[in-house]
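Protein chains: 2
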Amino acid sequence: MLLLRRCHSLTRFGPLNTQRHQVTPAVVSCAVRLWSSSSEDGGSYQRAHGPRWRHGLAGLLAGTGAVLAYGLHHHKAEQQDSSTVQTIKKTSAFPIISQEEVTTHRSLEHGIWVTFKGGVYDITEFVAMHPGGDKILLAAGGALEPFWALYAVHNQEHVLEMLSEYKVGELSAEDVKKQRAIKTSDPYSTEPERHPALHINNLKPFNAEPPPELLSDSFITPSAIFFKRNHLPVPQVDAASYQLHIEGLPGGVLTLSLEELKTRFPKHTITATLQCAGNRRSEMNKVKQVKGLNWGIAAISNATWGGARLRDVLLAAGYSPDVAQRAFHVQFEGLDKDVTGTTYGASIPLNKAVNEEGDVLLAYEMNGQDIPPDHGYPVRAVVPGTVGARNVKWLGKIIVSAEESSSHWQQNDYKGFAPGTDWDTVDFKSAPAIQELPIQSAITVPTDGAVVDRSSEEVTVKGYAWSGGGREVVRVDVSLDGGKTWQVAQMRSSEKGQAPGPSPPPGRAWAWKLWEVTAPLPAEAQELEIVCKAVDNSYNMQPDTVPPIWNLRGVLSNAWHRVKVEIREDDNEE
Amino acid sequence: MLLLRRCHSLTRFGPLNTQRHQVTPAVVSCAVRLWSSSSEDGGSYQRAHGPRWRHGLAGLLAGTGAVLAYGLHHHKAEQQDSSTVQTIKKTSAFPIISQEEVTTHRSLEHGIWVTFKGGVYDITEFVAMHPGGDKILLAAGGALEPFWALYAVHNQEHVLEMLSEYKVGELSAEDVKKQRAIKTSDPYSTEPERHPALHINNLKPFNAEPPPELLSDSFITPSAIFFKRNHLPVPQVDAASYQLHIEGLPGGVLTLSLEELKTRFPKHTITATLQCAGNRRSEMNKVKQVKGLNWGIAAISNATWGGARLRDVLLAAGYSPDVAQRAFHVQFEGLDKDVTGTTYGASIPLNKAVNEEGDVLLAYEMNGQDIPPDHGYPVRAVVPGTVGARNVKWLGKIIVSAEESSSHWQQNDYKGFAPGTDWDTVDFKSAPAIQELPIQSAITVPTDGAVVDRSSEEVTVKGYAWSGGGREVVRVDVSLDGGKTWQVAQMRSSEKGQAPGPSPPPGRAWAWKLWEVTAPLPAEAQELEIVCKAVDNSYNMQPDTVPPIWNLRGVLSNAWHRVKVEIREDDNEE
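Read top to bottom, the protein sequences are chains A and B. Sequential numbering from 1 applies to the first sequence in full-length UniProt numbering. Sequential numbering from 1 applies to the second sequence in full-length UniProt numbering.
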């Protein structure tokens with residue numbers, strides 16, 4: 001059932017004005033989507049595989065319990081990797097193929113090629129049978145390893161056997177070497193490797209978001225594809241010599257090693273969604289140019305964080321309620337620096353930091369592992385319910401102060417303004433620094449410009465919803481007709497198959513909800529304008545349209561999310 | 001300056017399709033507005049006074065420092081009343097006039113008559129000179145006393161002398177008697193007297209809101225015109241024998257007299273805005289019929305409340321953090337009962353009740369006086385940032401419980417639903433009880449259908465803005481062109497002339513902000529569609545339109561507020 005519905009909802013991806021190509025009846029019932037890494041080089045898309053795949057698909061659908069076991073065991077996957085791959089035998093009977101050649105095979109028309117452990121595979125014919133649906137196309141023209149590392153289900157012998165049937169060559173030795181990144185002497189030379197599925201908005205500093213359809217697949221976002229928003233080069237921090245300084249309290253400066261942070265304070269675990277203030281900025285850019293990275297809808301992710309409570313550490317450093325008479329902010333300084341030595345900085349209100357229900361962490365774990373370098377290794381602030389920019393990574397110093405952080409990012413960035421305010425008239429002092437974020441939701445599946453076949457009879461819409469300040473999302477409304485009529489989506493607040501935990505206490509709903517609606521295709525419609533809007537438990541709602549909330553920095557973009565989907569009538573087929 | 005601007009902004013009030021009447025040039029520059037008590041009997045409006053008043057007005061404008069001293073000293077006014085009225089001498093030379101006759105004089109065409117201490121006055125000619133502007137028309141056809149009680153500035157000898165010049169008769173002895181309400185035996189017979197300016201939405205139980213333009217005149221709403229939302233008859237509570245019971249805590253039942261509540265616990269004072277969940281319901285009714293009282297935009301008011309903190313009382317009754325392991329709600333029961341003896345009831349989350357920063361009061365004072373009967377005498381809950389319905393009046397019992405209140409109003413009312421949910425499909429269990437309210441704002445001046453003269457050159461727009469949960473309003477945007485372009489309003493968070501207090505700590509901004517914009521009239525426009533929208537410090541914004549937030553109970557109506565105003569060109573005048 002799950003698979004059938006998923007299949008119905010698969011949609012074709014491409015630029016809005018994508019060209020039509022010849023379509024065969026067999027694939028219409030399970031259209032596929034190709035991931036294009038950016039709007040600049042959005043890959044063209046064509047279909048080539050024929051009717052015979054209908055049977056292959058039906059057979060696979062019948063016996064793919066494996067898909068139901070889909071889990072995200074990234075690290076486990078990496079560990080198991082070396083043993084399971086032995087089952088693929090190398091043979092010299094295959095031609096040597098360059099990466100350049102492999103890269104040209106990224107469409108159904110030109111074939112879908114992938115590499116795996118030095119082998120080159122033409123999986124064009126397998127695409128329609130892939131139990132995980134169109135996600136397989138994310139790897140087109142590149143390596144399978146990063147994707148299989150995300151999906152442990154692939155670490156099974158029969159999967160590898162299946163792959164071996166599609167082998168067409170050996171990757172050239174030179175290109176195998178190139179797959180290990182060349183390190184250079186620039187400040188970004190020590191940056192960690194990143195998952196190739198990420199859509200890169202900026203390379204230095206690194207800013208990237210995952211494909212939306214991956215995002216809504218997992219309640220907990222795997223760290224590898226958790227959106228990355230760095231302001232400066234990733235610092236290399238030695239855990240053994242790491243020190244965290246806490247200043248501004250009656251006890252004087254408290255300095256903690258990583259070990260002390262882990263052992264002197266109880267470990268507290270929360271699941272919290274982080275969102276960049278600029279998430280969905282690209283929609284504001286369509287109204288009028290704004291300044292900032294052109295984020296899509298995926299500069300938001302959800303993880304489980306473990307660490308010491310900031311409250312406990314501040315108490316150990318001498319905090320008492322008296323302090324709140326003179327100090328109102330807690331400043332964070334990162335260890336990441338620009339060329340002048342200026343560190344990244346931000347602050348949060350003191351009452352958020354010390355409130356027992358504020359749940360602010362000095363986190364040293366992300367999804368049960370050490371925090372990865374891109375996310376603040378070894379220690380970052382996690383300020384649940386609060387804009388990503390205040391969740392300072394690579395945390396070096398905490399200062400309890402009468403003043404907000406004086407950093408650029410606190411004072412002259414990450415603030416909201418009226419749509420009429422421009423760079424000539426803006427007064428950054430006139431607006432408060434963004435802390436809690438407003439109600440947000442977006443559609444991850446289908447994507448804008450997708451095509452749904454009339455024979456599918458129904459369409460499945462998926463997405464996420466979240467609100468700042470610990471306000472729980474209580475409802476998501478979905479419209480297929482541009483907002484004229486609405487239906488209520490089903491929500492989930494845990495991984496698929498897992499029972500959700502107890503409802504969070506009021507004001508402590510830090511994690512997003514994923515949602516889904518499956519609805520019949522309207523009889524007469526040739527196009528759907530799918531819209532979503534969420535409501536939180538303060539009954540805050542999203543604004544209808546983008547222009548009235550447009551602002552020069554393109555932050556706080558939380559209008560209804562809209563995607564247009566074309567319905568292809570069956571009689572268009574040949 | 002203040003007066004001139006006020007004069008420019010005065011606008012004509014009436015139904016949208018109000019008839020045009022002959023207009024004299026002199027009054028065009030300072031149009032007046034007539035209050036109509038409801039849409040059903042919206043008073044017609046005509047002008048009669050001529051050019052000679054231009055000079056009278058100018059003279060008065062020059063010397064009306066009194067207007068700047070306008071204050072709202074209701075009770076003081078009532079006390080001083082008896083002495084100052086002595087200056088009006090009764091004389092038998094005047095004819096006896098019935099109230100019926102007085103009531104017919106409610107328009108400039110038929111004359112504006114008022115009564116005061118048994119005298120009848122034709123103040124038609126004074127209207128244009130009134131330093132307080134068009135508000136004088138609120139008393140047309142009725143008694144001046146309730147209005148003068150609101151505005152202490154009238155308690156001056158020269159004001160009374162001025163009035164005496166307009167005397168035209170004596171009110172009949174019978175009607176003087178009738179001015180004291182006749183008490184009967186129905187459950188509402190002991191209801192308090194209400195201010196005649198209130199727009200009554202329902203008489204039994206009493207539900208009424210003030211005229212919007214009075215609302216935005218005072219940062220602190222005078223208790224007499226504070227919106228009134230009773231669910232049941234007002235109970236008569238004897239303060240001497242009053243008892244408040246606190247149950248559900250380890251210490252057993254704690255019972256407190258009013259005296260004990262006042263003396264055993266420190267008095268805490270907050271200024272907090274209360275809003276009915278149904279405020280602005282009438283706008284939803286225009287989209288599609290909803291169930292509920294047809295509130296305009298004034299089911300919201302702001303007062304200063306004094307009382308014991310609920311937190312302190314719960315601690316005295318045995319509350320400790322252990323209790324929070326088993327109890328999650330604090331239930332309130334009122335002393336107001338229906339015919340079956342069922343009391344009004346509601347509950348709030350325990351963490352709001354016990355949080356030091358929650359500021360929940362067991363209030364026994366409103367604006368520095370005993371709480372009036374309509375507002376919960378002698379003790380009510382004040383739950384700042386939370387929907388009015390949880391601020392239980394005439395408080396009899398507090399129960400700390402694992403469960404929410406089982407009352408109708410908590411379980412099957414005061415919840416939000418999707419626009420597609422109707423009375424056949426609604427499942428009240430599927431939505432959370434409204435607690436914190438979303439961001440809200442509305443335009444109080446001018447009113448919908450008002451006429452602005454081109455010669456005014458500019459228009460002044462006023463209103464209020466507020467958000468629930470202690471979220472501070474940080475910006476109000478105003479548009480004169482239906483939302484195409486926006487300007488930022490000036491805000492104030494205190495009475496005019498008073499310096500605002502220090503900014504509230506984050507999450508404790510309980511009071512609304514009043515705002516104002518004066519803008520040039522657009523050169524070409526014949527009509528203005530004035531729109532406002534507010535932003536709180538979590539950057540929550542109001543939705544653009546009503547239909548997508550429509551819900552069957554007509555609650556949470558917080559779309560952009562829109563009023564249409566006609567610009568009358570000067571060449572229309574004769």
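By construction, these hints were calculated from the structure, which means they are not laboratory data. Hints are not guaranteed to be accurate.
Copies of the same chain look alike in the list, so a pair counts if it fits in one copy or across any two.
In the PhoX-like style, the derived pairs of lysine-lysine whose C-alpha atoms are separated by at most 20 Å in a straight line are [unchecked claim]:
1. LYS337 x LYS177
2. LYS178 x LYS135
3. LYS484 x LYS286
4. LYS135 x LYS204
5. LYS484 x LYS288
6. LYS291 x LYS204
Which hints, by number, does the structure contradict?
1, 2, 4
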